[in-house]
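So the sequence shown is numbered by the numbering used here: it starts at 1 and just counts up by one.
Calculated from the structure, these hints are not laboratory results.
Any given hint could be a false lead.
Stated by the list, open to error - Derived Cβ-Cβ restraints for the label pairs, each shown as a range:
| # | residue 1 | residue 2 | range |
| --- | --- | --- | --- |
| 1 | Thr27 | Gly125 | 21 to 29 Å |
| 2 | Gly57 | Gly30 | 19 to 27 Å |
| 3 | Thr31 | Thr133 | 39 to 47 Å |
The C-beta atom is built at its ideal place from N, Cα and C for all residues, glycine as well.
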Amino acid sequence: MAQDSKTPRGGHRGIDPSDIAESDLVTTRGTFRMVAFRADGEEHLALVYGRARGRDGVLVRMHSECLSGDVFGALRCECGSQLDLALNAIVREGSGVLVYLRGHEGRGIGLVDKVRTNLLQDERGLDTVDSATALGLPVDVRDYGPAARVLAYLGIGSVRLLSNNPHKIRSLESHGIRVAARVPLLAAPNDENLAYLTAKRDRLGHDLPQVPMVPAPRERAEPEGAAVLDDAAATAPSPLSGTPLTP
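Construct the complete structure from the given sequences, taking the supplied hints into account.
This is the structure:
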């Protein structure tokens, strides 16, 4: 049977032409090609920099929506710092793609429920895992299928993935996109997010070698106390990354 023209390599569904639009996006970092697309009831965005289309081994970041971190600079997570570091790494590389995935707020539980988990973390000292399960919520229900679809649309068959999360590798490859390497994206911890990063490392399996093995007591930090590693250090290969995943 002939393969449907909307089904890219790997077997996952493609994107209907009526659900995608492109234009240039001029930013402080330079000009990106902005590819907006609809998938699974959400509108997502891919920012393409340089000559990334139709290539393999492209530097890619799949970034989950985080309104509080990405827009307002929240310190309880490292999302905003990772977004900045990823865009800087792509520009420094000279080409790459950042896929911004909507509907991923709070690892997929939504903004209102994420705020409810934040309250439990503040008032009862629960971590990012237990605060979700205490409310009867799943810990992580993000779907990376839309990212695979837009990468296939761009003609990208393999990627060097900017991520500390091994689950993203398995998920992307299950949708037909080969992960040739994992490039760590390490934001330095601060007093507000140290417990959160520790739980991500110890309970969710994220590779975060910059997080101390014994967390310090959680304290309120002033906004100017936030810190990130310099861009070169933040995306350097991690000594804890397995050999098959090291660039």
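Verification of the supplied hints:
Distance hint check for Thr27 and Gly125: the Cβ-Cβ separation is about 39 Å, which falls outside the suggested range of 21 to 29 Å. At roughly 21 Å, the beta-carbon separation of Gly57 and Gly30 lies within the given 19 to 27 Å, and the hint holds. Look at Thr31 against Thr133: about 44 Å separates their beta carbons, and that is inside 39 to 47 Å.
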